[in-house]
Amino acid sequence: MPMMHETFILVVGLAAVLTTASLVAGILSWRAPKPLSSTLVNLNQRINAWWVMVVAITVAFFFGRSGMTNLFALISFAALREFVTLTHSRRSDHWVLLGMFGIIIPFQYWLVWTAWYGLFTIFIPVYCFLLMPAITALHGDTERFLERVSAQQWAVMISVYCVSHVPALLTLEVPDFEGRNLLLIAFLIITVQGSDVLQYIFGKLFGRHLISPKVSPSKTWEGLVGGLATSSLLGALLSFLTPFSPLQAAGVAFIACLMGFLGGLVASAIKRDQGVKDWGHLIEGHGGMMDRADSLVFAAPIFFHTVRYFWTV
Amino acid sequence: MSKLGTRTFTLLQTVTSVGLSALAWAVTGVRPIWNGSQPSDRQRIYFANHASHGDFILLSACLSEKQRARTHAVAAADYWGKSRLRRFIAQDMLSSVLIQRQWTDEAQNPISIMLSVLDEGHSLIIFPEGTRNMTDEPLLPFRSGLYNLSMARPDVELIPCWIENMSRVLPKGQFVPVPLLCRVVFGAPITIAPDEERRAFLDRARETLLALNPRPLRGD
Chain A
1 MPMMHETFIL
11 VVGLAAVLTT
21 ASLVAGILSW
31 RAPKPLSSTL
41 VNLNQRINAW
51 WVMVVAITVA
61 FFFGRSGMTN
71 LFALISFAAL
81 REFVTLTHSR
91 RSDHWVLLGM
101 FGIIIPFQYW
111 LVWTAWYGLF
121 TIFIPVYCFL
131 LMPAITALHG
141 DTERFLERVS
151 AQQWAVMISV
161 YCVSHVPALL
171 TLEVPDFEGR
181 NLLLIAFLII
191 TVQGSDVLQY
201 IFGKLFGRHL
211 ISPKVSPSKT
221 WEGLVGGLAT
231 SSLLGALLSF
241 LTPFSPLQAA
251 GVAFIACLMG
261 FLGGLVASAI
271 KRDQGVKDWG
281 HLIEGHGGMM
291 DRADSLVFAA
301 PIFFHTVRYF
311 WTV
Chain B
314 MSKLGTRTFT
324 LLQTVTSVGL
334 SALAWAVTGV
344 RPIWNGSQPS
354 DRQRIYFANH
364 ASHGDFILLS
374 ACLSEKQRAR
384 THAVAAADYW
394 GKSRLRRFIA
404 QDMLSSVLIQ
414 RQWTDEAQNP
424 ISIMLSVLDE
434 GHSLIIFPEG
444 TRNMTDEPLL
454 PFRSGLYNLS
464 MARPDVELIP
474 CWIENMSRVL
484 PKGQFVPVPL
494 LCRVVFGAPI
504 TIAPDEERRA
514 FLDRARETLL
524 ALNPRPLRGD
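Line by line, the protein sequences are chains A and B.
Using the working numbering, you'd call the opening residue of the first sequence number 1 and step up by one each time.
Using the working numbering, you'd call the opening residue of the second sequence number 314 and step up by one each time.
Any given hint could turn out to be false.
For lysine to any residue, the following SDA-like pairs were computed, each having C-alpha atoms within a straight-line distance of at most 25 Å [claimed, not checked]: (1) B:K485 - A:L97; (2) B:K485 - A:A151; (3) A:K277 - B:G342; (4) B:K485 - A:A137; (5) B:K485 - A:I103; (6) B:K485 - A:F63; (7) B:K485 - A:R144; (8) B:K485 - A:G99; (9) A:K277 - B:I346; (10) A:K277 - B:R496; (11) B:K485 - A:V149; (12) A:K214 - B:P527; (13) B:K485 - A:D141; (14) B:K485 - A:K214; (15) B:K395 - B:K379; (16) A:K277 - B:K395; (17) A:K277 - B:M406; (18) B:K485 - A:W95; (19) A:K277 - B:K379; (20) A:K277 - B:L523; (21) A:K277 - B:N526; (22) B:K485 - A:P133; (23) B:K485 - A:T87; (24) B:K485 - A:R91; (25) B:K485 - A:P217; (26) A:K277 - B:R528; (27) A:K277 - B:A339; (28) B:K485 - A:K204; (29) A:K277 - B:P345; (30) A:K204 - A:P217; (31) B:K485 - A:L138; (32) A:K277 - B:W338; (33) A:K214 - A:R272; (34) B:K379 - B:R496.
It should be emphasised that the hints constitute simulated quantities derived from the structure, not laboratory data.
Based on the sequences and whatever the hints tell you, model everything.
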C-alpha cells in the first residue's frame, strides 16, 4: 500500500487526540459534582460520537474508492433527509422528492465512481435544476411554488452536489501524487472538522464579540480568528499528506476552513428561519448529519476546484 | 373473528412486525418522544392523527416488541376487507382489528368488537378521525368511538399520539415512501369525567392531541 506510512501516522495521531480528549473529559466528569452539567454530558456525547465517526471514516478509507464513494452517498442521504424534512413541501411534490433520493443521489455518485467529470459538474445545477421545477409545474400545484422549488434545489445542491465533491477528489490526477488521493480527503476532513473544534474551543475560552447574533449565538470573532489561525497551522503540519508545500497547505487549509465557517453560518441561518436548533438527532450530542457536515459541505467544492485548478495538468 | 381468545402473534405476524419496524426506522429514523407518558405494559388505547397507511406502522415501531405483540390497530373493514389480499395483509400479517364504518347488523357493532379485544387484556391503536385526513386542516373532528370505549372501559389509559410528517412520507394514493424524519409524540393520558358530554369530551381529546404537534406553525 503506497500510503502505509502516512496512514499509520494519521490513525495513531487521531487515536492519540481522541484518547486525550476522552481522558480530559473523563477526569472533568469524575471531579465534577453529580449529576453532571448539561455541558459536560454534551462534551462526553460529542467525544464518543467522534470515536464512532473516526472509526467509520477509517474503515471507508481502507476500502479505498468504493468505501469513500458509498460512505459519502450515505452521508448525502442522511443530509438530504434532514433538509427535506425541515422545509415546506406539498403532496404534489411526492415524485420530485422521490427522484431526489432515488435518482439524483445514486446517479451523482455513479458519476463520481466513473470519474465522468463533465457531467458530474453540471448534472445537478443544469439538468436537475431545470427538470425539477418543470415536473412540479406539470403537477399544476402553484401554491408557494417558488418557495418549494428553491427549497428542493438548495436541498440537492447542499446535501448531494457539494458533498459529492469529497469523494470526487479521488478522480483528480495530480502529477507525482498518483494513488495517494485518499490523503487529500483526509487532509480536507481533518483540517475542516479540526477547525470546527478549534473555533468552538477558542470561542469558549476567549469569545466576547458575536459575529452575527441574529444567526448564531455561539460564533464569535475570537473563536473564528483563533480557529482559522490554528487550523491553518494544522494544515501546514499535515502538508506531508499532500502535494502542497507547507506554506501552500496552510493557505489551502485557510480557504477550506473559512468556507467551512461560512457553511456553518448559512446552515445556522436556515435552521433559524425554520425555527429549529438542530437538523436532526442522528449523531448523539452533535445533532443531525447536517450539523456535523455543514462546514464540509461548503469547503469541499472550493477545495476540489482549488486543487483541480492549481495542481492538476 | 375466530381468533379471539387465542390472540397471540403468529410467526408471520412477528416477522412482519420486526421487519416493518426496521423498515420504518431505516426510512424515517422514527423516534418516540415521551412527553407526559412513559412506555408501559399497562393496557392502553393509543389514539392518533391519521393521514397515511404508514401511521400505525410508525406508532408500533415506537413500542417494545412485547407491547407490539399485544397492541392492535383498528382498521376499516370496508377498505381492508375488500379483497382477499388486503384482508390477508391486515389480519394475518399486521394483526389488525377490522371494523365496519357503516354497520347494520349488531354482530358488526364496532364498539363490541373493540371491547372484546380490550377484554383479552390487549391494547388498541385507533384513529378517531375515522379516515385519512386529506385536507389542509391539521386534524378532522373526532368520531364517537373514543367516547364510547372510554365510557365502557374507564380504567384503560387513553394516550394521545401525534404522528409527525407521515402524510409527507406516504401520502394517500402513493405506494413508495419518501424518506423523511418522523417523530411520534406520546402525550399524558386523558380521562373522561363522569358527567362529561360526548361532544365536549371528543373536542377536548382532539385539542389534547393537537397540542402535541411539536411544529404547529409550519403550515404543512
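Q | Hints breached by this structure | A | 6, 14, 15, 16, 17, 19, 25, 28
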